[in-house]
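Could you build all of it, start to finish, from the sequences and the hints given here?
Chain order of the listed sequences is A and B.
Going by the numbering used here, the first residue of the first sequence is number 1, and it counts up by one from there.
Going by the numbering used here, the first residue of the second sequence is number 1001, and it counts up by one from there.
Calculated from the structure, these hints are not laboratory results.
Just to be clear, a hint being listed does not mean it is correct.
[What the hints assert, rightly or not] One-sided and incomplete, this derived list gives chain B residues near chain A with beta-carbon spacing under 10 Å:
#, residue
1, 1010
2, 1032
3, 1035
Quick caveat, the model's predicted, so the values are computed rather than measured.
Every residue gets a Cβ at the ideal spot worked out from N, C-alpha and C, and that includes glycine.
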Amino acid sequence: MTDTSKTEDPAEGPVEATPPAGNHWREATLIGVQSQSRHSRTLVLRVPGWTGHLPGQHVDVRLTSADGYSAQRSYSLAEPATSNRVAVTVDLLPHGEVSPYLAEIMEIGDELEVRGPIGGWFVWEPGDPSIGDGPVLLIAGGSGVVPLVTMLRARKRAEDSTPTMLVYSLRGPRDLMYGPELEQMSADLSAPGSAEVRLVYTRKVPDGHPRPASHLAVEDIQPPSAWPEPLAARVYVCGPSGFVDHATGLLREVGYPGDRIRTERFGPTGVDR
Amino acid sequence: MTISRGFFGHHDPRAADLPPGQHLTHGFPVLTAGPTQLISTDKWSFTITPESGKPRRWSWGEMMTLPSEEINVDIHCVTRWTKLGTRWRGVALDTFFEDIETSNEYAMVHSYGGYTTNLPLEDLVGGKAWIVYEYEGEPLPAEHGGPARLLVPHLYFWKSAKWVNGITMQRSDEPGFWESFGYHHYGNPWREERYAGD
Chain A
1 MTDTSKTEDP
11 AEGPVEATPP
21 AGNHWREATL
31 IGVQSQSRHS
41 RTLVLRVPGW
51 TGHLPGQHVD
61 VRLTSADGYS
71 AQRSYSLAEP
81 ATSNRVAVTV
91 DLLPHGEVSP
101 YLAEIMEIGD
111 ELEVRGPIGG
121 WFVWEPGDPS
131 IGDGPVLLIA
141 GGSGVVPLVT
151 MLRARKRAED
161 STPTMLVYSL
171 RGPRDLMYGP
181 ELEQMSADLS
191 APGSAEVRLV
201 YTRKVPDGHP
211 RPASHLAVED
221 IQPPSAWPEP
231 LAARVYVCGP
241 SGFVDHATGL
251 LREVGYPGDR
261 IRTERFGPTG
271 VDR
Chain B
1001 MTISRGFFGH
1011 HDPRAADLPP
1021 GQHLTHGFPV
1031 LTAGPTQLIS
1041 TDKWSFTITP
1051 ESGKPRRWSW
1061 GEMMTLPSEE
1071 INVDIHCVTR
1081 WTKLGTRWRG
1091 VALDTFFEDI
1101 ETSNEYAMVH
1111 SYGGYTTNLP
1121 LEDLVGGKAW
1131 IVYEYEGEPL
1141 PAEHGGPARL
1151 LVPHLYFWKS
1161 AKWVNGITMQ
1171 RSDEPGFWES
1181 FGYHHYGNPW
1191 REERYAGD
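What follows is the structure, given as structure tokens:
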């Protein structure tokens, strides 16, 4: 596992997120890595010709070995749109085929191919008229936090003030991704782009954390007192399939109609994501 | 060709015959755009709506009187997993279409919860598609589309709509849910038709 935290940021500004018509494979070069937890890291890739995407969309990644064998996987985009640049956050699955390469082996200057952006349902762009003034509730299980943090980053970049809360379920402190960023984002709730963040530890809590270890429960998705209304206008749930079913069950219990809930799931076994 | 230095891959010999870009899974991942629909069999029904004449509707009990068959097929998801040798039981769509008169060549499949997906009629008949209600000898679980889903195994699995409740015939190939978000209108895994333009 790497602990490097260097990025050669091309420092280009936000761009219009219009999916390109010709959705072909593009060459990508690793220009930066940021450790996100003990077993995950963000890869920043320079991708000439990448014109942008919406928060929540994903990208297909193709690796080809020297003997011509190739493998493809899909990853959530980890940053809001910047031209010629793609970032993905990869969680290591120890016996996976692709994630060990991305999470541990790939080095600055190494290449792969990407294609996208893919998907258009599980997206939230600040100003989405169907969400109006919100609020918006984001519920993450494990590495399902990645597209939701991309949404939070886009909202912060746009200085959008839609009331927003992230509820993030994870096993223990070692699994926390984006820890410092989430802490900063939730430190001063009057700051532009800030969001309430609730960490739901399911097995082991860090010292001083008020909530005991247990699975996501109805109390965890109760609205913050500052919300103008009890139910969010839109809920995004991302995580392993069992978690998503559990979370949507709780949402139904507190009165959410199905059409306010958008989900993204990844498989329980055999799927290297 | 772009080579990823230091990547070797698994070279799984069982995966050699898969459609391009796919890899094997031994689990059964679930992919759904929204909450799992919970539909009891006494509420379930399936309706075919042709362009003229009356819609034809089957209740659960009526479907159970139709001849069923066992189906052993490989399934291919656009998110790149392939599962080999899955076993289902259900009723061929040919049986439902026996009494339907239509000259439209395209169909829109509808599900409880609002999901839709489009297919040419010729991909639904001719022993290529079924309404299935058992998986591996057990009632089909809700998370996998139970009590009944469409099964069209020769296309990517998003075409095999979960919680299916009807088919509407249409004159042209209008896009369904994922198709309107940039996924391919047809979705042949062997030609790797994942996205619009493939």
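Each hint, compared with the structure:
no.: 1; hint: 1010; result: holds, 5 Å
no.: 2; hint: 1032; result: holds, 6 Å
no.: 3; hint: 1035; result: holds, 4 Å
Checked against the numbered hints above, the structure violates none of them.
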